[in-house]
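The lines below spell out each chain.
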Amino acid sequence: MARSLEELRKQYNSVSHGTSLRGGGPGRGPGPRGKGKPKEMGKTVKRLLSYVGKYKFRLLLVLLCMLLTTLSSLFGGYLLVPIINRITLAINPAAPLEPSAMAKLADKVIGAFADSALMDALTGNTVATVTVYVIAALIILGTVYLISALGSYIQARLMLSISQNSIQSIRNDLFQKLQTLPVRYFDSHPTGEIMSRFTNDVDNIDVMLNNSLTSIVSGVISLVGTFIFMLTTNVWLTVVTIVFIPILIFAVGVIAKNSSKYYGAQQAALGAVNGYIEETVSGQKVVKVFNHEDECVEEFHLINEDLRQKQEKAQFWGGVTGPIMHNISLISYAVTLGVGGILIVTTGFTPGELTAFANYSKQFSMPISQLSMQFSALFAALAGAERVFKVIDETPEEPDPRDASEEKIEGHVIMKDVTFGYVQEKTVLKNISLYAKPGQKIAFVGSTGAGKTTVTNLLNRFYDIESGEITIDGKPLKSYKREFLRENIAMVLQDTHLFTGTVMENIRYGRLDATDDEVIAAAKTASAHSFIMRLKDGYNTVLEGDGANLSQGQRQLLNIARAALSKAPILVLDEATSSVDTRTERHIEHGMDRLMKNRTTFVIAHRLSTVRNANAIMVLEKGEIIERGDHDDLLAMKGRYYELYTGMKELD
Amino acid sequence: MKRWFKYIRPYLLSFILGPLGMITEVIGEMFMPLVLAAIINEGEAGTLTRSSSIGYAAILAGIVLLMMAGGVAGAYFGSKASVNFAADLRCDVYSKIQGYSFANIDKFSTSSLVTRMTNDVTQVQNFVNMLLRMALRSPGMLIGGIIMAVALKPSLSVVLAVTMPIMIIVILVLIRISFPRFGIMQKKIDKLNSTVRENVTNVRVVKSFVREDFEINKFEEDNRDLKESGMNAVKVMIWMGPVMTVFMYATVIAVIWFGHGIVLDGGMQIGDLSAFVAYTMQILSSLMMVTMLLMTSSRALASGRRICEVLDEKIDIEDHLAKEREKRVEKGEIEFKNVSFRYYKNSEEAVLENIDLKIKAGSTVGIIGSTGCGKTTLISMIPRLYDTDEGEVLVDGVNVKDYSLTNLRDGIGIVLQKNLLFSGSIADNLRWGDMNASDDDMASAARSSCADKFVSSFADGYDTELEKGGLNLSGGQKQRLCIARALLKKPKILILDDSTSAVDTATEAQIREAFRNDLPDCTKIIIAQRISSVKDADEIIVMNDGKITGIGTHDELLDNNTEYTEIYYSQMDKKEA
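Order-wise, the sequence lines are chains A and B. Residue 75 in our numbering sits at position 75 of the first sequence, with consecutive numbering throughout. Residue 1339 in our numbering sits at position 339 of the second sequence, with consecutive numbering throughout.
It is worth saying that the hints were derived from the structure and are not from the lab. Bear in mind that the values here come from a model prediction, so they are computed numbers and not experimental data. One thing to keep in mind: the hints can contain errors.
Taking lysine-lysine and the BS3-like style, the derived pairs with C-alpha atoms no more than 30 Å apart in a straight line are [unchecked claim]:
1) Lys430/A <-> Lys1453/B
2) Lys285/A <-> Lys1218/B
3) Lys536/A <-> Lys1107/B
4) Lys390/A <-> Lys1191/B
5) Lys536/A <-> Lys437/A
6) Lys536/A <-> Lys1547/B
7) Lys1218/B <-> Lys481/A
8) Lys567/A <-> Lys416/A
9) Lys285/A <-> Lys1337/B
Please model the entire structure based on the sequences and the hints provided.
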């Protein structure tokens, strides 16, 4: 019975969970990072800059600090040369030294400082000149590094506040935009996808602003700086170093190609394994009652083996990047030393300068491999930013007309020939016409997908209709201010969702200015009071994770309480008590009656007993009203409603 | 440690060769400054020649090539070792979980088991990988650097003895301050994410109550909190770089200062001084790496502990003491003798209290009662999903503990309340009941559970692929497939735990009818909410607070059981009114 590897891979691959393995890919070496390259880089960069650009002065300061830091640490390296030269000369005055221009300059600076009155005062002319020279050099060296450290701190601190503030504004903009988007947007974009804008994408931008950007800039500065220092030290040795760059780049290319290939295979296999674990372990109890443990182990072995093979390759290629790159640069170092030795013999090149150059040559390769790493992070961030901006650019709900009405609503609802589809090709509602007088109760009955919920969604303009007309108190829906309209329609929705917060806060969502007493009264109306009192902290119990600690029925009662708090003249109950057990449902009947009194109410219910006393019942099928009338009329008709009521047909 | 060695042993060679390759690299690196020093010393003494320069470069290049070989080998064996280690571990954990009883599963919760198997195993794998490839490197560089430095000039090494401890203390202080702050930041991130998630899932609620501005304010507050806590944490960490720079160069300056005196006195060659400087830098930066490694390892250790918990869990239901291993369930007679049970051994109220019950083979029994009264617990005792605390459960007159688990559960078909289907086709899912079931077997089981019709209406029929957990089916359809799956086991006892709640009453009646005709010899136990589901049963058991308050037929109970009557009227009178 155990499935083949092919089948397992096919079935579980889509259920990827993104537990990525370090060392195999992103972040290490120029491997495959983000999916999706940024398409409109120029535009995206410009927009990102508009967030960061607010801090122009600080940015300038950051750049200055970076220059200062990088140059001073480069220069610091150079200061070692004259020290070593001077000591060499002190021991062996005949040493064939012919310092470079830069070394001479440094020597002069140190010399001048050593001869200054300050140094005289410090040493009191009691020590040898060499020592005075070394002291002077070390003081300068110390100062330079202190400046470098200070600069790098200031730079990091400034950049931190710039990036955090920018990220904060980006998040705010994103969230604000989200609040104005039409419901349609959320229909077509899964929660996970929207969430990943806030998590992955914004995080990538954060990393870029905090690390990549500064690394790239300082990398470039130090590359250029090192190059200049190398040139001034010795042209020939510089040439040797440069020759190795194409080799390095070639090696990077080969490794990146392989590692991206195997990394992809690894991720797919890992996705399958994780998907399999997720499903079978979640369903462990079913596995047990069917004695299915051995088959599961067998199948698991199969995909785990597959992962093992893929991972070995991916991890190898990921791991080999570092050593190869590092050692190629060390070969360049070795050649540099050899050529440097020859230069010492043949020209006046000094050992001190060779020390400095050797260090530079090591430093030179570092920014190159670092830059290639940072660029992939940069691209990932830009691709993320592009996706974030795409959300910010979505068209929001159509703005209200200028003269939008906010006149008190009585609750006289008329639908005339309403036809609607969520997507163009598929009509969900066809020619729906109905009316409801203030205080009347209208019920909708029908199978899932018949269009019941859609009718109510049109009422509060979650969606706008294409043809036909809906009026409230004689005025078309669109002439009302959208917010005002929604405030006047209280809804208890099919999916019961609660917010993290106390029970009190959750009910108060219905009307923010409600007093505690009003909240409690609403809870009593919904028969929620008694179970709330049994919770740990009563009304102050904090609900977490969408009220996971409540039963579905209890959550529905809270939702009803929320609506009961609202004073809206129109009420929509969409399967409001579907999960409440029959005994409790009878308890709340009274409260519900009170709730519906004086309000125009639209009720959708699966259990027909709940809609029996409606003024009118609409039986919907495939988007059309096929029967209408009150309970007795419909029973007398002996049509669909009759079949449903007597249990002859099922509602799906 | 002994536990982990099990996963190391088969790949011992890789576990040794991996670090060995890395050490080759480290040793090579250790010698490089020596070559530099030699060139400089000779250059300074004027003894350097062209050929000796080329010689030095060749030696160096040779060392580098060895290092590269070491590095590549290290990567090869290191990844081999860590990947295989993790793959074996994953397999063991998975097998272990397969042996878990329901109580074991409850203790961990399935979602936590999933995280342990995915995240935690990955954490440990990354750690092993790092340990083999990086961890030995930094301490190697550190120790090697110290050895070389001391060998070069012991007296100068005193400088390091002073600066190293100070540096370690400073790093630790920074970590101590920032770590809790990162913890706070993580909490704020979680909070912000949950606000967003709630808003996205609750978008209709937000819009229908016109709470957009309210939500925006809430979000902006969370966002501000997050920014501040983030700044607070990172603020400390950004001291790390500059502080390290200062330490590093303060040490270098001290080395040059003391060193130059030694050189001038002729106690040391100038080239050795520059080599010493190079070692100093190497020692200090490795020291920083080692501290960082220790920091990250704490996370992996926590994961390791969580995995050990899974592996060490004592499985509380086993059958190696079973006395009648060969016995199979043949008739389907059930008896509860004074059974008591509680999920938490120290909880005061028992979930089942002194239950005595006899169910005849082949009869149909309904169980009814409010949520949490112990219905599900009661039937869980029959296939030994949980063991009784007191009393015993007998099937065909034999204590369930004396059956082998496989034989016992093979004889009992159970449809759990939270029924689950798996990825794969409908046929794949049905074959869970009987892996050798023919197409006809499947169709007949599906007919009995009224699933045949809708399955046939799909374009691919029984080969229709189910999306994750059957997302493309309605609740009622899923329930009917789950029943068919249980029927395929051809059980002697069939238990339905509220498994027709989403099926309409007419279809449910058909299923009951099919049971009567197709499974006359099978004992059928039906837990239900609706009176109509159990009305025709041979016996109905009414439960309340872990006790049986009444047993009888529908009519008998209407006469003498107030609770049953109450439930009945809550469901019936509306229809009649």
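Hint-by-hint comparison with the structure:
A hinted pair counts as satisfied when its Cα atoms are at most 30 Å apart, and Lys430/A with Lys1453/B qualifies at roughly 29 Å. A distance of roughly 41 Å separates the Cα atoms of Lys285/A and Lys1218/B; the hinted pair therefore is violated under the 30 Å criterion. Distance restraint check for Lys536/A and Lys1107/B: the Cα-Cα separation of roughly 22 Å lies within the 30 Å cut-off, and the hinted pair is therefore satisfied. Taking the CA atoms of Lys390/A and Lys1191/B, the gap is about 25 Å. The hint holds against a cut of 30 Å.
This hinted pair does not check out: Lys536/A and Lys437/A have alpha carbons roughly 43 Å apart, beyond 30 Å. The suggested pairing of Lys536/A with Lys1547/B holds, with an alpha-carbon distance near 26 Å, which does not exceed 30 Å. The suggested pairing of Lys1218/B with Lys481/A holds, with an alpha-carbon distance near 24 Å, which does not exceed 30 Å. Distance check on the hinted pair: Lys567/A and Lys416/A sit about 27 Å apart at the alpha-carbon level, within 30 Å; holds.
Between Lys285/A and Lys1337/B the alpha-carbon distance is near 26 Å, which keeps this suggested pair within the 30 Å criterion.
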